[in-house]
Each structure stands twice: as C-alpha cells, then as structure tokens.
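Engineer: Spelled out from the first residue to the last, the chains are:
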Amino acid sequence: MDVTAILKRAKKKKNSHLPDKADTLEYDLGSMLCIDGDFSVEKQDVQEEDLEEIIKKATLENTQLLLNKIFHLETSSEEAGVFVKLPHPTTKLPRTKKVPQPKKETRWEKFAKERGIRNKKKSRLVYDEEHGDWRPRYGSHKANNEINQWIIEKKDHEDLKGYEDPFIKLKNDKKKRVIQQRANQIQNTIRNEGGKITKSMNKNIQGILNSGHNKKKSKKQIDQILQMTQRSTASLGKFDKKLSGEPVFKSRQRRKFQPNIQEDAGIERKRDLNILDNVLTKDTSDLNLNKAVNRYLSMGRGSKKFRKNNARQGRKGGRGRGRGRGRK
Amino acid sequence: MEKKIRSHFGKRTKGVHRRRYKKKQPKVNETVKKVLFLKGRKTSENIRDLLTDLYLITKPNAHKLTRKNDIVPFDDETSLEFLCNKNDCGLFVLGSHTKKRPNNLIVGRVYDNHLYDMVEFGVDSLKTIHQIKGETCVDGTKPLLVFNGDGFQFDEDYKMIKNLFIDLFKGVVVQSILLTSLQKSPNVDLTDMGPHFNLTKRRIQMASNDLMKTATWVHPSLRPKKVKNVSRNKLGDKVGRIHMGKQNYNSIATRKMKAFKKKKTNNQKKFYKK
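Same order as they appear, the protein sequences are chains D and Z.
Take the first sequence: its letter number 138 is residue 138 in UniProt numbering, and every next letter is one higher.
Take the second sequence: its letter number 79 is residue 79 in UniProt numbering, and every next letter is one higher.
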C-alpha cells in the first residue's frame, strides 16, 4: 500500500491555507500591510479581463499570507474577546502637526515640586453659614465671601489715626490681587516662550489683559456707555467737547425739580394734597386690564407659561428696553 | 418661544470653545489623520462618484465639502492649506475635470499648515460601490493593505504613492485588534466591494528630505521600547539570562552539612590547649 500518496493528500489538506508560492513578501504588521515585490505583469502581453484575474489571484494569495502572519502574533484574551497585539508599524508616516513643545514649569509649579506640595482634591461646593446654603468654593458667588461682609470688627491694636475704611480696603485688595494674577499669567507666558515676546504671544497676552472686568466691549456697549456719560452731565452733554466722528445722542429734556422745602408753605401743602388725591381717587374704570397684563408679560415678568405665549419677538428694543423699568 | 430663539442663535455654553480649541492643539501621539474631500473648478460625474466612494471608505475620519473651489494645487496651494487647516485635516483629495486633465484626482498631505506632498492621478474605468453588487463593510473598519509590484519597493515615486495611500486608508492607529473581527481564518475569500478603478500617475510633488525628516520624527516616548534579554525557547517558555559577577568558589556560602565539616584531630586540638 502506497502510504506516501495518502500522506501527501493529508499534508495538503492540513496546509490548504498556505498558498503554493514561496513567501517573499515584505510585511508591516503594525499597519496591517504587505508588499509583493515578485508580482510583475507586462500590460501589453495581457488582456483586460485576464489582468483582472491575475491581480485578483495574487491579491488573494497575499492576503492569505498576511492574515496568517497576523494570526501568529502574540494574543491576549480579554473580556471583549481574543486580541492580537500588533507590533510597532515600520512605515514612516509624516505627522500632521508639529510636536508640541513641552510646557515650562510656572514659578509655583517649580516651588511646589521642590517642597513636595501636592494638589489636594477639594470639593466644589462649600457650606455658607451666613446664607445657610451650599455655594461654590471659587468665583464671584463664592461661599463666605469676605467682600460682602456687612460688619468688620476693629482690632484693638489698630489706631484710629490714619484709619482707612476696611470695606474699601477689601475691595481695593481684591483689585490688586486680580491685577497681580494677570501680571503673573503674562510673566508665565513670556517665561514659557523663553523670555522674548513674540507675535503669537501677543494674542495670549491680549486675552489675559482683556479678561474679567476688562472684557472687550462691543460697539453697542461702548455706545451705551458714551450715551450714559453724556447724559450724566448737568447740561445733558450739550456743551461737551466731542471728538470728530463721535455720535451725538438725543438728549432728554432736563427734568425740572421743585425745591424740597418751599418758601411758601401753602404751595407745598397744595402739592402734597394733589398727590394724595391722585393716588386715592384714581379711576380704575379706565384701566384696560388686558392691555396692562400683556404689557407686564412682554416686559419679561410673570410666570414662564404666560410669558411664553405673550413675549414679543426680540427681547431687546421696543417696550422691553431697560429691563422693563416702570413705565406708566 | 424664548427657548427656541436662544438655541437658534447658537448660544454656546461655557467650555465648548475651550474644548474645541484643545482638540485642535498638536499632540505628541497622533492617531487620526482626517481627510478633506473637495471639488475643483469643474467636475465630471465619474470624479464625483469616486469622491463619494472614497469618502464612504474613509468615514468617520473624513470631511466632505460640497461646493466647487477655484483651487489648482500645483499652481497655488495657499487656499488649499487654509481649508485643510480650518477643517483640521491632514490629507486632502481634490477631484476635477478639465479638457487637458480629464478625471483628475489629486491626493496630498499637509504638515504644519503647509503642503507636504501630493500626487495627481487620472482616473478611468471606475466601478462604484453602488454598481458592484454585494456586501460592504462597516464604517471605520481598519483595512488590510496589499501592494502588488516591485515598483512599490524600489521606485521613488511609487514608494511615495504607497506611503500616501497607507496614510489615506489606514484609519486609526491601533495597538491590538480583535481576532474575531478579522475574516474567518484560515481560508480567505475576497469579495469585490468596490470602488474599482485604474489610476494613471500624472504629476507628483514630493517633500524635501529635510521636511521629511522633521515630519517623520518620532517622539522618544513613542519609539518602540527595546526589551533586552527576553526570548522564548522552543517550548514557548520565556527565557532570560541572569549575569553573575566573578565568583570565588572557595568562599561561596552554600548549604552547610555537618558530615562534610573538617573535624579537628586530637593532635590539632592539643596544639591549642595550653
């Protein structure tokens, strides 16, 4: 009995996944690819359909070889399944962006490193005893805000001579700290770049300078401020020195006030009784309740549900201006 | 009503801008390279179909622009660089159609907001995914790439093209893959999915050697760590060598056995007695 034939058949069956050709491929398993250097076809010699078949056959064999290689890699079984650990890719591909420069330590980070100071994780909210609620640790609405103190004790050792208002002192200290913080930030950005101010840094520095209360105002806001300053003079901005191109805002009529204490007591009495009459004898039959309610709602007041149905399109402008300050 | 107006005007919540900015910042380890698909001054149906198909393959790391652009990269690349930068893409695929260059496809890369390299191809005999009936694969699957031909190993132009295509199709860089997601082993069967097309190389613009060096520079933390002294024997055991220094065998502290201890004879003992 010829066993060799049977053995050959068995071997072929076992190695059916190995293509007949020799493995001369160049592999990059990290990128899951292979290059077949032995493949060559003369386009003139072959017809279109045959070319397709040749390429397909070669690709099939090469894919098989590639897969075999991948399956022979180191595996690790995890929850999701069996994973194959790919080696490092060998093809050198270019990056899209430059490698970022390592950030230089700030002055505080350097100090903290030396002293071994580590960041302790703190809670975001802190209990505020005064208000009896939980407020954020940092920020303008923070818990136990010193600036909002309504009483400050005078310390015994403080002398009344040269005594400065402690409330004003608190506010000024805060302002100083803010300025100092900004200056530190700017110094850190400069130090990070190596001591020189570059064009690209300028943007960052401008951003720091324009933060907080110094936020850049829009043209509208600046116009509003200008209008206010013009109005705040006694002559309502009529005689102000104006720059070329500065807009002139319509000034209201100057309100005329009667002096508080009249020379003639009779006039004062009359005035006061007039006011009383107006208030007590107001004829409410003239009141258009519907109109009044709608106006109230359009100013953004009242419950959400009714506001929704009656709010005017566009919150700004029209009757809603000035946040609906009392108009008759 | 109020709420609707708010969202329509795109009121951004805190931190969105900061997070978007952070996303665009350069990272030490780049795993994804987005592709930008765009059209030139004039396009043909062929080219448009090819762009859609390539977009489908490279999803989700791709961005497709719909409008036509007056861009000729080989003359002026500035507007292209701008678009790539704005869309945060490292690769671009520009399709156009002119009498001189029909069914033109330009594939290129961007490094540090400037053009890195690009190749111009002529496309013919295109069969789209739609035309080829059969199964398709899920978005975002990582492909196996096979390059047939020795040109990809020896010819400079084709080496660059190979590099470009690897960048274009490789998807996300991963370190391990799920075995079961690979096609059932050991016998492989390929089904044509499309798109199926022939490319003829037209013009090519490669990166200078210096630029190539800086762009392909790998940060030391990402380089493959050489593990020394670890190997596996034929049984599959992990084997390593421990190196001892020079040892004085006479004075090694071994296990003491009383039987081997040299006993002092009576004469010797006497010597010490006084």
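Treat the hints with caution; some may be incorrect.
Said to hold, decoys possible - Reference excerpt, derived from the structure (chain D facing chain Z, CB under 10 Å, subset only):
no. : residue
1   : I6
2   : K56
3   : E61
4   : L66
5   : G81
6   : K92
7   : K97
Said to hold, decoys possible - With a Cα cut of at most 25 Å, we get these calculated BS3-like pairs of lysine-lysine:
no. : chain 1 : residue 1 : chain 2 : residue 2
8   : D       : K154      : D       : K175
9   : Z       : K99       : Z       : K59
10  : Z       : K213      : D       : K92
11  : D       : K92       : Z       : K24
To be verified - Example chain Z residues on the side facing chain D (calculated, C-beta under 7 Å, incomplete):
no. : residue
12  : D76
13  : V146
14  : Y158
15  : V188
16  : T191
17  : T216
Calculated directly from the structure, the hints in this document are not laboratory data.
Since the model is a prediction, treat every value here as computed from it, not as a measurement.
Beta carbons are placed, not taken as given, at the ideal position from N, Cα and C, and that holds for glycine.
Engineer: Please go over all the hints and tell whether each is borne out by the structure.
Structural biologist: Evaluated hints:
1. Interface restraint check: I6(D) against chain Z, minimum CB-CB distance 22 Å, threshold 10 Å, status violated.
2. At a threshold of 10 Å, the smallest CB-CB gap from K56(D) to chain Z is about 7 Å, leaving the interface hint in force.
3. A distance limit of 10 Å between C-beta atoms decides the matter here; for E61(D) the minimum to chain Z is near 9 Å, and the interface restraint holds.
4. Because the beta carbon of L66(D) sits about 6 Å from the nearest beta carbon in chain Z, less than 10 Å, this interface hint is met.
5. Checking G81(D) against chain Z: minimum C-beta separation of about 5 Å stays under 10 Å; hint holds.
6. Against a cut-off of 10 Å between C-beta atoms, the interface hint on K92(D) holds, since the closest Cβ of chain Z lies about 4 Å away.
7. Taking 10 Å as the C-beta contact cut-off toward chain Z, the hint placing K97(D) at the interface holds, the least distance being around 4 Å.
8. Between K154(D) and K175(D), the direct Cα distance comes to roughly 22 Å. Compliance with the 25 Å bound is thereby established for this hinted pair.
9. Proposed proximity of K99(Z) and K59(Z) is contradicted: the alpha carbons are some 31 Å apart, above 25 Å.
10. Among the hinted pairs, K213(Z) with K92(D) is consistent with the structure: their alpha-carbon atoms are about 10 Å apart, no more than 25 Å.
11. As the CA atoms of K92(D) and K24(Z) are separated by approximately 23 Å, the hinted pair is consistent with the 25 Å bound.
12. For the restraint placing D76(Z) at the interface with chain D, the shortest Cβ-Cβ distance is roughly 21 Å, beyond the 7 Å limit, so the hint is violated.
13. The restraint placing V146(Z) at the interface with chain D holds, with a minimum CB-CB distance near 5 Å, inside the 7 Å limit.
14. This hint is violated: Y158(Z) has a C-beta 10 Å from the nearest C-beta of chain D, more than the 7 Å allowed.
15. Taking 7 Å as the C-beta contact cut-off toward chain D, the hint placing V188(Z) at the interface holds, the least distance being around 5 Å.
16. Because the beta carbon of T191(Z) sits about 11 Å from the nearest beta carbon in chain D, more than 7 Å, this interface hint is broken.
17. A least Cβ separation of about 4 Å between T216(Z) and chain D falls short of the 7 Å threshold, and the interface hint therefore holds.
Against the hints set out earlier in the document, violations occur for numbers 1, 9, 12, 14 and 16.
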